[in-house]
Amino acid sequence: MNLDFSPEEKQFQQEVRSWMQANVPTQKKPGAMGYHSRDDQMAWEQLLGKQGWLASNWPTEFGGPGWNATEQHIFDEERAAAGGAITSPFGLTMLAPVLMKFGSPAQQERFLPKIAKCEELWCQGYSEPGAGSDLASLKTAAIRDGNEYVVNGQKIWTTQGHWADWIFCLVRTDNEGRKQQGISFLLIDMKTPGIEVRPIHTIDGEHHLNEVFFTDVRVPAENLVGEEGQGWTIAKYLLSHERTCIAGVAGSKAGIEGLKKLLANTPTETGTRLDDPTVRQRIAELEVDLMALEFTNFRTLDKMAKGQPPGAESSGLKIKGTELQQALTEARVELGGDDSLPWHNEEEIGHAEYNNASLAYNFLRASTIYGGSNEIQKNVIAKFLVAL
Amino acid sequence: MNLDFSPEEKQFQQEVRSWMQANVPTQKKPGAMGYHSRDDQMAWEQLLGKQGWLASNWPTEFGGPGWNATEQHIFDEERAAAGGAITSPFGLTMLAPVLMKFGSPAQQERFLPKIAKCEELWCQGYSEPGAGSDLASLKTAAIRDGNEYVVNGQKIWTTQGHWADWIFCLVRTDNEGRKQQGISFLLIDMKTPGIEVRPIHTIDGEHHLNEVFFTDVRVPAENLVGEEGQGWTIAKYLLSHERTCIAGVAGSKAGIEGLKKLLANTPTETGTRLDDPTVRQRIAELEVDLMALEFTNFRTLDKMAKGQPPGAESSGLKIKGTELQQALTEARVELGGDDSLPWHNEEEIGHAEYNNASLAYNFLRASTIYGGSNEIQKNVIAKFLVAL
Amino acid sequence: MDFSLSSEQEMIRDSVNRFVEKDYSFDKYLDTVKTDAQMQPKTWQQFAEFGWLGQPLSETAGGYGGNAVDTSLIAEGLGNGLVLEPYIANIVFAGNLIALAGSSSQQEALVGPLVEGNKQLAVAFAERISRYNPAWCATTAQASDDGYVLNGEKHGVVNGANAETFIVSARTGGNAGETAGISLFLVDANTPGLTIRSYKTLGGGTAAELTLNEVTLSDDALLGAPGEGFAPLERALDYAIAAACADALGAMKAMLKRTAEYAGQRKQFGVPIGSFQVIQHKLVDMFIEVEQSTSMVLQAAVQADNDDRVTRRKAIAGAKAYINKSSKFVAQWAVQLHGGIGVTEELDVGHYFRRLTGFNLQYGDREYHLKQFAALSCDIEANAEQRAAA
Amino acid sequence: MDFSLSSEQEMIRDSVNRFVEKDYSFDKYLDTVKTDAQMQPKTWQQFAEFGWLGQPLSETAGGYGGNAVDTSLIAEGLGNGLVLEPYIANIVFAGNLIALAGSSSQQEALVGPLVEGNKQLAVAFAERISRYNPAWCATTAQASDDGYVLNGEKHGVVNGANAETFIVSARTGGNAGETAGISLFLVDANTPGLTIRSYKTLGGGTAAELTLNEVTLSDDALLGAPGEGFAPLERALDYAIAAACADALGAMKAMLKRTAEYAGQRKQFGVPIGSFQVIQHKLVDMFIEVEQSTSMVLQAAVQADNDDRVTRRKAIAGAKAYINKSSKFVAQWAVQLHGGIGVTEELDVGHYFRRLTGFNLQYGDREYHLKQFAALSCDIEANAEQRAAA
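Residue numbers (my numbering), protein chains in the order written: chain A, 1 to 388; chain B, 1 to 388; chain C, 1 to 390; chain D, 1 to 390.
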């Protein structure tokens, strides 16, 4: 048992850290979903792409750096600590592993390089209005017509749909049998006629999410990934690849360090806010929770680095990780007091670093909902805990 | 709207307070279930009985003082504040209202006066090994044989069963129909041949609970309350009469005041434990929760004093009340630190008032289980919240 | 003891509910929340017509002499209807402060227009490091030949964008943190030396940051006796907190109602989500918090009128500490149980969520009020005396 | 980074599990918990034979030189099996303190017998008002011609009923609260002037209150350098805390296992209670807490051997703070989900509940360790340096 990074990993850490210090855009503050404009986000990801680090989870054969899980974690942690935006996950960590396993060579060649350099942005077409946590009840239909599929239906909660060049979709190609059957996995160019993207404004007052409407959208049949009816298998495979970053350890670590610095710079009657025993207790509670999460995440990374499947410990990572993100943003808002009141205000009021604290607090209410709500997560975990 | 006691109620309060100060046995400390011996408990209740205050919830026609809900509350609060033991509820607040409503004149005459003076102690025969929260699935059988019932079966969790002279039981007189049907309400003399009482020791290391075994126990048919098959109706009526004291406000108020005094008498490096900001915060949290509970309880008392049925506010009283009792005993144990370690030790170790803190903490784990677990309570409340 | 409403109070409650139902749709809210003022003059005039603006203010000061329970009924209704207009900041807080501290000529000049809906005020007592403590006042008022010169900064001044006149606390003696030596001044928004940076707040409504740079005032700008501003300020603040708690309660009730309805309608896996036991129990938890908070609002409203400081302050601090937590619980779970739609602007649930976040941040957070409560309750001797006297 | 156990460690783990399964039934526990000593000499001899008693102690001191991860595996197994024998107090805490601070002759005199199972020690560092802080030592050791005279009181001395020798912290300089000036002394239980009041503790095991009244000791009773007892005391305490956390984890795992099994078997309303969603989710919450606590135990065990004080102390304080809370959660819900049977003495669940309550009270509560953690983590500059150095 050994918790230290190896000498090679430490050297790697230093290398990434130096690069981040030199290259992270300091004038821009990222939000929970990345930078606030498509241009800023693409510029940052392209910078990482040039360095060969954007596709941080990819093996070398597909143009990734070939890092193991621990190196990926180090990279992510240094990225967050330096204040660099999180990268858009849809192409990099969701679609790419799917294409590597289920995609045709032609699909791999067409799409992967552009993802690795951020020449194309992706979004995810999973949820539908009637199918929230009950994903398999989706209705968007893709009917084969010669060499094309004709797609009709609606997707919702499409993050960065207004930025994306492409969308990967779960569509229904067959209505027979169990609802999990008859689902297929389709890649659709967002510029195809018949696609309409309508914004959904979230309670942070921003525009991250969209509704995407498909009306007689014609998609080349070559854009089907795997086979017809294989969509549910692919979707489950995709979910199993989300484990490592799902805990959000890197972001929460950066967040808590940032909050401590901020409190140490917030004057009070007698010193700084970080001297207040009840504030210290709250911070320590968060930090201790984070410590438990971080080492649980390490246990999973260790298994993955050894080529083993993640263990039971990993099943709670999303629940604990999202709860901690929420607790952390909540603390920042509340500790900001009056200074957290301004709403989408341009000017600095009081201590500027608290002014926008509520945005992440508001938006991250969604973190326990999307990707399978925490209630659904618990239903799943319960299955292997209780033998009925 | 007015939160003050009326001048008459204030005078009543003073009267009760003076009496309690003069009469509460100061050398004995009660536990969560009353004094620790039958003799002590009976002496205390008989003292109250002599004063005419034992049957505090009874109307005058049955020998009670005829207090309204507010006066009963004042009485209970003064009793707890003075450190007097809680009275045994089985005869006084459970059986008595049932006899008043469903009992024959002969039953009323035979049993009520002895309850009001604590000449006989009662216990409750509801739960059975296979029927915990699912009370209606009880199996103890009472078969009519001439002028008697022959009772066979087993009751469990019988509080003070080893003290009691009588037990009121739910028994099955019929196996047909829905399981709620065929249940009857029977009064059984604990000295009847065929009754065996076996102790259950609880995790406070004490003996409050029992198993009661019935083997061919012959009970005079005149001890049936109401009619055969009316047991479930009676049981529900009984439960509806438990509302007011269920929140445990009087005990929790006394408990929190006692804890504050104790902390103010516990020295630290620089003062007393009550000066510590994190301790103060914890106490304030408890006290504020208690304040909310107390006024919610008052809202119910107000309705009852006006002869109205309790409102929606009363449905959460048991849940919040028991949670607070648990939080309060937990705080006492934890704030005691080393001094809470001794286990059933005769001698004083450190600050004696912490030494037995864990007993109530341990025993009151049962408070969210008995009388319908808090999970069951929530199932019931949910029914009127969600229209399905 | 009596928890019934009088028939007048039932009328007040019904009138607010009717107004919300008839005149304050969610669209009206959305229109209003877009404006810089976060209020519409027409709506404010309706408030005047209903008599709500005079209701919380004493008759001697020119108001209608209602009690704090009346006020809490209005505030609860406004919170329930997501009404943005600055009733608490302008009327309950500033209005009561004028009524409590003002001379009869000041009351005449200000309370009349307030009651008629023709005046906007704001109380500027918080400072950058005061952290909700009204005694932490470092802004100075230097006596001059014919008045005072004020210097300092004020933060988090609720209704700051609309105020024509600010009530500013400034020190004529003593040191920051002391209750003695605080004086109150009426400062018109256009007074030279006063800089106002106003902004919209996350829960709706506005606030402002004030800079006072050699602000020169005449003697009659002084509100109440010099150096004795703390007591009325604290008292008026207690009225504001009691009303804010009621407002929050209204919002909580709205969220519970919507969530329970949604749970009965929204289907997942072929059944209403309200048939899932975890969702049922969470609704029960929310319901219980609403009931407990109702009790806290009632007792805070009654005690807000109590002249005994310890009883009043425990009631107010207890209520705000409790409801800061319970409202957060209800708000967070209302959003969670609504799923995706709960985090969007298009549903009112998200707006209630922000309103309650704003409630949490204004007039003191949970930690502040727990400390206040503890200071009053952990003095054993004082409590023993109080009990003996009760 | 590597979270695998070595094959030796797997053997240790298996040996403890085998012992519990074969030799430490619940009846054995019930027999033992009745005794005043809360231990059985025969069982202790088995520990010696398995090599567990020497395992945590360095080879130079006469032990077998295992690391703290090995120790945590033993402790977890003992906790899992509800084993009462004072492994942590006697071996991990007192034994390590001898190994860390003792002279070679003291080590020779004590470690040999310890390893063979022929010696019972206890560390007496806590005092009535020290509230878990080992630097709060008011007991004095006055230097005399040929030794020291000790006066004072010690509280909560774990294993106090069995100890033949106490390791007593006493001040040869400085003031209570300071780390400098604390010295450690070996005090035999029968030393004149030493009064021992021992008692059983709620979680099993014993403790004692000591009164030292002119206890006269010779020079060689001094353990380590005079005035420098704090560092080894703190270090040995860290070993004890890491092991106590592992013990608690073992108990948590046992409770989770029993509760999940019970939920699958116990029927109410015609179905297993484990089919109710709220019970399922509560089991999931318990499971997640067990996993998080497992991570905390692992990192605390590894860092217990780390010479860097800040890293080590954050790991230990963090683990104890976390597991104090998580173990309480698991313990309370295990009892609740068992219903009536969960609050009885006849089921082991209630005994695990008490064991975890005892864990919570020993070696520092959550508040104490959060304060310790905050003191180490809220010093921004120190952290920045640490990060730069990492």
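It should be emphasised that the hints constitute simulated quantities derived from the structure, not laboratory data.
Just so it is clear, CB atoms sit at the ideal spot from N, CA and C, and this is done for glycine as well.
Check before you lean on any hint, since a few could be wrong.
[Said to hold, decoys possible] Among chain C residues calculated to face chain A with C-beta under 10 Å, some are:
1) V158
2) A207
3) G264
4) P272
5) S275
6) G340
7) N360
[Unchecked claim] Estimated spans, in silico, between C-beta atoms of each pair:
8) A/K10 <-> D/G173: 47 to 55 Å
9) A/T278 <-> B/S37: 52 to 60 Å
10) B/S37 <-> D/E108: 53 to 61 Å
11) C/V310 <-> D/D307: 32 to 40 Å
12) A/T192 <-> C/D23: 42 to 50 Å
13) D/D31 <-> C/V310: 50 to 58 Å
14) A/Q46 <-> C/D23: 47 to 55 Å
15) D/S144 <-> C/E178: 34 to 42 Å
16) A/L388 <-> B/P193: 19 to 27 Å
17) B/H207 <-> D/E116: 38 to 46 Å
Hints, one by one, checked against the model:
1. V158: holds (9 Å)
2. A207: Hint holds; C/A207 Cβ to chain A Cβ min 5 Å, cut 10 Å.
3. G264: At about 16 Å, which exceeds the 10 Å cut-off, the nearest Cβ of chain A leaves the hint on C/G264 violated.
4. P272: Since chain A brings no Cβ nearer than about 12 Å to C/P272, farther than 10 Å, the hint is violated.
5. S275: Because about 13 Å separates C/S275 from the closest Cβ in chain A, which is outside the 10 Å limit, the hint is violated.
6. G340: holds (5 Å)
7. N360: holds (7 Å)
8. A/K10 <-> D/G173: 47 to 55 Å: violated (42 Å)
9. A/T278 <-> B/S37: 52 to 60 Å: Given a distance of about 44 Å, which is not inside 52 to 60 Å, the answer is violated.
10. B/S37 <-> D/E108: 53 to 61 Å: holds (55 Å)
11. C/V310 <-> D/D307: 32 to 40 Å: violated (54 Å)
12. A/T192 <-> C/D23: 42 to 50 Å: holds (46 Å)
13. D/D31 <-> C/V310: 50 to 58 Å: Since the Cβ atoms of D/D31 and C/V310 sit about 56 Å apart, the hinted range of 50 to 58 Å holds.
14. A/Q46 <-> C/D23: 47 to 55 Å: Holds: the Cβ-Cβ distance is about 53 Å, inside 47 to 55 Å.
15. D/S144 <-> C/E178: 34 to 42 Å: violated (54 Å)
16. A/L388 <-> B/P193: 19 to 27 Å: violated (44 Å)
17. B/H207 <-> D/E116: 38 to 46 Å: Roughly 42 Å apart at Cβ, these two residues keep to the hinted range, so it holds.
Hint violations for this structure: numbers 3, 4, 5, 8, 9, 11, 15 and 16, all remaining hints satisfied.
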